[in-house]
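J.: Position in the sequence shown (from 1) plus 1 gives the number in my numbering.
Hint data in this document are derived by calculation from the structure and do not stem from the laboratory.
Since the structure is predicted, the reported quantities are computational estimates derived from the model, not experimental observations.
Do not rely on the hints blindly, as some may be mistaken.
Unchecked claim - Have a look at the derived ranges for each label pair, beta carbon to beta carbon:
1) Arg464 to Val281: 37 to 47 Å
2) Gly285 to Lys465: 25 to 35 Å
3) Arg161 to Val281: 36 to 46 Å
4) Asp472 to Thr404: 46 to 56 Å
What the hints assert, rightly or not - Simulated pairs of lysine to any residue, SDA-like, Cα-Cα distance not exceeding 20 Å:
5) Lys64 to Met504
6) Lys476 to Gly323
7) Lys333 to Arg301
8) Lys452 to Gly396
9) Lys542 to Lys465
10) Lys452 to Gln325
11) Lys375 to Ser365
12) Lys204 to Gly108
13) Lys138 to Thr70
14) Lys476 to Ala431
15) Lys204 to Ala94
16) Lys475 to Gln325
17) Lys375 to Asp308
18) Lys465 to Ala431
19) Lys318 to Lys475
20) Lys64 to Lys375
21) Lys138 to Pro68
22) Lys146 to Ala431
23) Lys476 to Arg508
24) Lys333 to Asp308
25) Lys542 to Lys452
26) Lys178 to Thr159
27) Lys138 to Asp164
28) Lys318 to Glu480
29) Lys452 to Gln424
30) Lys475 to Lys452
31) Lys64 to Thr501
32) Lys542 to Glu288
33) Lys178 to Arg136
34) Lys333 to Thr532
35) Lys452 to Asp524
We put the beta carbon where it would ideally sit given N, CA and C, even for glycine.
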Amino acid sequence: MKFLRTSLVLVLLVILVVAAWAWYNRPSAVDLANYAPADSLLYVELNNPSAVARAIQQTDVWKAAAPITQMQTSSDNKVAMAAARSGIGPIEAVLTARSQIALVVVGLNASEEAETLRVKPEFALIAETHTSSWRTKPAVTAAVKQLASFVYGASNCTERSGDAEYVECSVAGGERKIIGAVDGTLVVVGNTQNAVQKCLEAKRGTRASLRTDPEMMRVRSSLATNQTLGFGYISASNSAKLFSWAAPLVMGRGPGDRQLEQLLAVSAGKILRGVAWTAVASGGGIEDRYLFSLEPDVVRRLEPAFDVGQPDENFWKLVPNGFQSLTIYRSKEPALAWRSLDSAVALKLDALPAVLFGTLLKSSLTTYGIADPKEVLTTLAPPLLTLRPSAAVDGSVLFARVTDEARLRRSLAEEAFKVSNGQIVNSLQAELDPELEFTAVFSDGYVLLGKTENMESCLAALRKSEAVTGDKLKKASQESSAPILTYANDELRLRNFISTLTMLQGRRLSAEEIAGLRERLRDYSFSSTETRLGSTGIERKTHSAFGQFSTFVSLIQSDNSNVVAR
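Starting from the given sequences, assemble the full structure and let the hints guide the process.
T.: Printed below as a string of structure tokens:
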């Protein structure tokens, strides 16, 4: 009996010791902003990758695709998960359970090829593994080699030691590479040595980290919650910088004009106060929330643009099936909304920058053949819509209800459509002259405006099929009170995301499986975005299958530079 009591005491003691060790060895969260350079163009953190994986696997699209993809899912075994979080188990499971992850973009390298601007991000993936380097290094080395093989195919990999343990894989005769570094419990994997080095220097304190940005700390504390799957941030200065790179393209000018870019960046910095992003699981999908912070005076000037008029859903008869994107602007008075945008810009800017920004605003409508927005918008009633009819078309078409047709026809004829530059027709069945740049189509109290090549695609789609019959989109539009509502066809992005994940698990989908996947995703192919004006800026809420997580995966695909045509 005494032996039994002693054995029970020893067993209980062992259990207590193991439990205490497991509790002590559970990772304590760190602030990943300490490892991100202060001047990072983009910062995204995922403090619980396992929660992100579970959220994705619980989406309607993942479940619908499961019979075809046969992808492995995260284990629901709570004991195994607890063990892995305590550092017990296969290293892959341990790293998944214990790691915090961040993505930083430290630069954008732009190059021109003919009429195309090719932009390649310089980025790094940061992982605080909370696991000793002797366990982490072999797994990281194998992962970097596997990733290089997936992205580049045949590649040369070397290992070296220095201020950290490095593994580098590159394509023979090329500049593309993947570099991994292990420094204690920290792992950094990037596509350039510069990106990796900047993160290591931030971790060591020799370079300022993003945690020194008070605006980032304030925004994160106000937006991120326990339900948040991810958080992202672009600083005010970098928001302005990114705008200054993109704006010349809208104006029809090529990149590289340093004086123009500097002027635009300084001017945008007087209006923008940064961009933040969060993601949560919602309604069988992922909900991305964005906040574009603006100066308080600018917010007040924008209020008329977000004043919603009476609902009108009759426009659906002009929306063809299979469209790629549709944005519905419900401003009560389109002309007043335009003036509020102009006023908000002029409020903070000097004369020359105000003229430049005014040119940018006008450029957004000149692509539809509208040379005088103030005059044309006076003849239109809400809602105004922009439609990209198909994937084969780069541009879009604008249409709206007409309140003064005679005045609108006169304005078009005297401005963008003069000197045989455009054509005005009175039926959706009319034959268009492809030699003319712009087309205006009047039909049943509405006008469609745009470049002739885009209009031909739109009219052809309407002639071949009925207008949109999907009750799901119509119902969502009727139920939404958002001043701006956008639908986007995400079918291709969903297929690419799922196909990439299956390839990472070592299986390539056949043509028949891809066809079956397309059929299964048909009911989930559209994302919806609501845009509103809040007290601190413009707020956007997007509901889609996988949210921005599907976009992040595209960074690992081979040579997937963003390409912007001019």
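J.: Looking at the structure, which of the earlier hints fail to hold?
T.: 4, 9, 13, 14, 15, 20, 21, 22, 23, 25, 30, 33 and 35
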